[in-house]
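From first to last, the protein sequence lines are chains Y and U. Letter by letter, the first sequence follows residues 100 to 759 of the working numbering. Letter by letter, the second sequence follows residues 100 to 759 of the working numbering.
One copy or any two copies: either way a pair holds, since identical chains are not told apart in the list.
Below, simulated DSSO-like cross-link-like pairs (lysine-lysine); rule was C-alpha separation at most 30 Å, straight line: (1) K425 - K209; (2) K225 - K425; (3) K252 - K448; (4) K114 - K147; (5) K400 - K378; (6) K147 - K425; (7) K448 - K209; (8) K544 - K734; (9) K325 - K474; (10) K733 - K691; (11) K447 - K252; (12) K481 - K123; (13) K366 - K378.
FYI, nobody ran anything at the bench for these hints, they're computed from the structure.
Listed below, chain by chain, are the residues.
Protein chains: 2
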Amino acid sequence: MDKAEYPVGRFPIVKTWPVVDGGKFPVKAFEGEVIDFGATAFREGHDKLAVELVLTSPSGKTTRHPMLPGQPGLDQWVTRLQLTEVGSYSYQVSAWDDEYGSWVHATSVKLAAQVDQELMILEGKKLLERMSSGKAKTIAAKFEASLKILDDKKLSPTEKFEKVIASGVSELAAKHPLRERETLSEAVSINCERKLAGSGSWYEFFPRSEGAKQNRDGSWVSGTFKSATKSLQRVSDMGFDVLYLPPIHPIGTSHRKGKNNTLVAEKGDPGSPWAIGGKEGGHDAIHPDLGTEKDFAAFVKAANKLGIEIAMDLALQASPNHPWVKSNPQWFTTRADGTIAYAENPPKKYQDIYPINFDNDPVGIHAEVLRVLEKWISLGVKIFRVDNPHTKTVEFWQQLIAEVNQKHPEVIFLAEAFTRPAMMHTLGKIGFQQSYCYFAWRNTKAELASYLNELAQESADFFRPSFWVNTPDILTEYLQFGGRPAFKIRATIAATAGPSWGMYAGFELYEAVARAGSEENIDNEKYEYKARDFVGSEDRGVSLAPRIRLLNKLRRENPALGQLRNITNHYSDDEQILVYAKRLAPEFNGGKDNTVIVVVNTDPHSVRETMVHPDMQALELPHSFEVEDLITGKKFTWGEHNFVRLDAFSEPAHILRVIR
Amino acid sequence: MDKAEYPVGRFPIVKTWPVVDGGKFPVKAFEGEVIDFGATAFREGHDKLAVELVLTSPSGKTTRHPMLPGQPGLDQWVTRLQLTEVGSYSYQVSAWDDEYGSWVHATSVKLAAQVDQELMILEGKKLLERMSSGKAKTIAAKFEASLKILDDKKLSPTEKFEKVIASGVSELAAKHPLRERETLSEAVSINCERKLAGSGSWYEFFPRSEGAKQNRDGSWVSGTFKSATKSLQRVSDMGFDVLYLPPIHPIGTSHRKGKNNTLVAEKGDPGSPWAIGGKEGGHDAIHPDLGTEKDFAAFVKAANKLGIEIAMDLALQASPNHPWVKSNPQWFTTRADGTIAYAENPPKKYQDIYPINFDNDPVGIHAEVLRVLEKWISLGVKIFRVDNPHTKTVEFWQQLIAEVNQKHPEVIFLAEAFTRPAMMHTLGKIGFQQSYCYFAWRNTKAELASYLNELAQESADFFRPSFWVNTPDILTEYLQFGGRPAFKIRATIAATAGPSWGMYAGFELYEAVARAGSEENIDNEKYEYKARDFVGSEDRGVSLAPRIRLLNKLRRENPALGQLRNITNHYSDDEQILVYAKRLAPEFNGGKDNTVIVVVNTDPHSVRETMVHPDMQALELPHSFEVEDLITGKKFTWGEHNFVRLDAFSEPAHILRVIR
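Only chain Y is shown next, with the shape it has when bound in the complex (with noise of 0.2 Å):
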């Protein structure tokens, strides 16, 4: 067997991270995140062992960072480093042979124990001789003036070696190291990637009812992307990145579906956007009620002139009515009856929507998304919330999204797939940038506890997790019960522990009432316009827009909170009280601090007392501290053991930030 086959080097590196399914994948990062970097890395016998991580970053620059022993026993070696350019990062770690440390830890226990002492200086020169030999002049004359003292005779070799450590000869060592029988890990890559993908607020409406009008005989006129235009004030002024676009195609008229999901629609009914296609077109098409291409671009600019980002549906099926059905029989799935077959969930009938068949021509279904996405994206639109990924393959993404990154890179696909770990996390791997996830239905504080533990600590290499508190189809029971408290407890946990989130129009407004045997809204948007008086129930104090815009005010002065993998949980003696923080230290936030401490009583439906604990050394936090609490303005002197009293019915939250 060849050297070069064996899998174990000269030291063995048997680990590193992060790492994706042994670097199948890449890691995930996005521009400015903070990465724990570590190895499992050791040597044989007793001598020192040095590690560096070698990062090259995408523009080519090579760096190397040492790294520290981790937990002792376990041979890791960690460094933490934040990830400041956008593209493909890829790292190796690297073992050499730290004969400097070797001989400097031999050398004090002998000096110390009387033994080869003359040797041990013997050996310094001999070693430093060797790490000046071939160096520039400055640095070999650094050398030299060590090794003049280690020649020097009216010392003791005790003098000798205390002496030539003091005069910096370590330092020295460090920054030109011999670095002997190297050995390289595999390489690992990181695809870092734009803020938004990992961290950004989202605000959802759809846009036929933002403006909708109601005749006096009860009938509708639409919302348009002009009469949209308007609300984009709203969603700017609560702080929203992001604003995401159920599908603004074509609607099919046959088997479209009535009012609250009835099989049958009356006249006026507006359909679901979901039906995509009718004779108006497809996907790449608007449907004519809300206007014209023009008016989209408009509306995409207005929006980006208030710093949001539009984020459009891709939910790839077809109302009976597609152009598809009729150009492309062959992406569906034919019946032995001929029959195109309609989506169901047996003996479930869905008729209103064909399922595309991916197998029939792959490569056909393929180009066709890939030219309505690039018309999308021609258009200003960077984001693309993908509905029921899932149940199309997994391959087809895999291939699309990297055909579509590689051209535009700064294309966003959030995956709406609601379903098993496996298929979700692959979504991930594979390269959705982002991910809905089960934050709606993790209430308590052990569920969030542990939920928040997973997603920073287990699947952050892969899975990014937007914490949606509401969506069309998402109304929980914990919202549906727990009144106004719950919303409030919902937004400043999905805000602060969440470094992406997200809200669906009237949640602000305490929508509460859920059509019955679902677990969505009543007289739900999917199938009717909605016209909804968001300023005056504001005025009339039943809106919970003002924290909202507190919370998101909050995330822009607090970067801690736009970070994923720094959550860490903290103890109360309270089985509700939940207690987490987020930190960026000073090296990776411009030489300033920035700890926030949540305290979150999860409960709505009582007032609650107890001691907090946070782990000290987590946040390496001193004896006694000040924080602030960043919703009332109040300033308190904290600890290791902190008393907290939470109302859910006035303020169910403390959000602290340390002040150092």
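Take the given structure of chain Y and dock chain U to it, following the hints.
Only chain U this time, still in chain Y's reference frame:
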């Protein structure tokens, strides 16, 4: 990007097991070992997926084994197989579109709901026609028969479906599946070694002590291979498979250690066998006191005749008198003053030992060690116990073991590396067939339960532990202070929990006195001769030999005890009563179930009563069952909750065989 470059295939298979470091190292197995295979595989949408294990044996035979769903919600697929051929296996997981399964499911649901009844029969016909197409006449005829049922105009759709299912079409389809859109995982190698690599009982003695005699003047006559041959019957009677000998080479005289590890040897002190090399030769020579090469070969043959293999020590270090010091000084480290570096752990010096430097001449030292091994292999040695492999480079062992095993696949290397897990595990991964482990220091119920679980569930793919109750270097506090019950308890656990276990001579005589301040026997055999009265002690009832004989007999009669991966922990209400079980299901044991439940009082100073609650599901136990205690021969009726009383002073354990 080329399609082949994408990591995920048509059906994602994101994980398969067993696997070691993503396939970097082959999985370890041994002849007869039963292994759990698994995969995480899933598909989009709601249709059915079929998953199979495709196993290729060393002789090139490929077999397919259906995998069944594992833990719900995790998309896991599992099967359990026994490897019976020595050599390199490889496996892949195959996932394909289970069109037949999807049709059966949809049809049964739709017929019940009276939806698409005729259509589903039509779909079934088309599917069966495709499955039949191109098949051999006899098989096609069977499909024909099914199709006829579906064509029978006298039957309703439901009758057709029920009749065709009753006709055995599902079994036919399972035998002749379409396997459309088959996706294969990457191949993983399994190195299946001979049984002793994973399972066996070991005994250690110093040949120079076996038959050694003390003269009246206090001087000794060394035992020889000839005199030690007489001891083989004793070892064989106790039922051991392997006899391990400490180094048998000439011993250095410079700085030779005296009795009890003193720095100066007295006249007649034989020295430590690990200080290898003298004027009579080095690692390729035999200590003249022991005899000649011929004597050694005869000794090996005599052992083999009794069913015992000889394991030799491989201690890669030299005394200052080793021939290598003159012939190849580059294999050692020369210090700045020109002297050769002896072993040290500053300020401690081990001047009787020169460690080898593997960096100066890796090719030369490799060739020399290979030559030495080949010599011993030619004399009948097939097992090497490697002394302190963790103080040599991993690279060296990796290459050496690969080369030796390529030529001599039967050769087994046992690593004696008591160090941190990264090194211990890596030595297993790179080739060591077996490893000393931390069993000796796991004494309480909690420690043992956790360690057994780790060894059987977490590291079994790459680390095969050997459970030694003692060694010349290890006399644990538990044995020093636990009295005779401690010896009985430890032997019982080692022999029943460990598929490989070992014992160093003297254990059966309850030798429990340590040298002060050390964790090894006083008057240690490493530095002097030991003439033990095995027969007399047994006659006086002061010997554990009868128990050892019983334990090794039970091991032969209960093949479940020879497996590692089958250990399961079970509950008892007492904090020191340990309960574990091992099972071989009938299909892996010639049609006969073998289930052994071991209940041990791990506290050697107590009599304890408690309830034992076996995990009925894990062992597939009926509500009530008979067990036979293999120590006493008594039978009990057991169920979910069972009373036990274990008196450490008389009998601290039950070894219960389940009678099915």
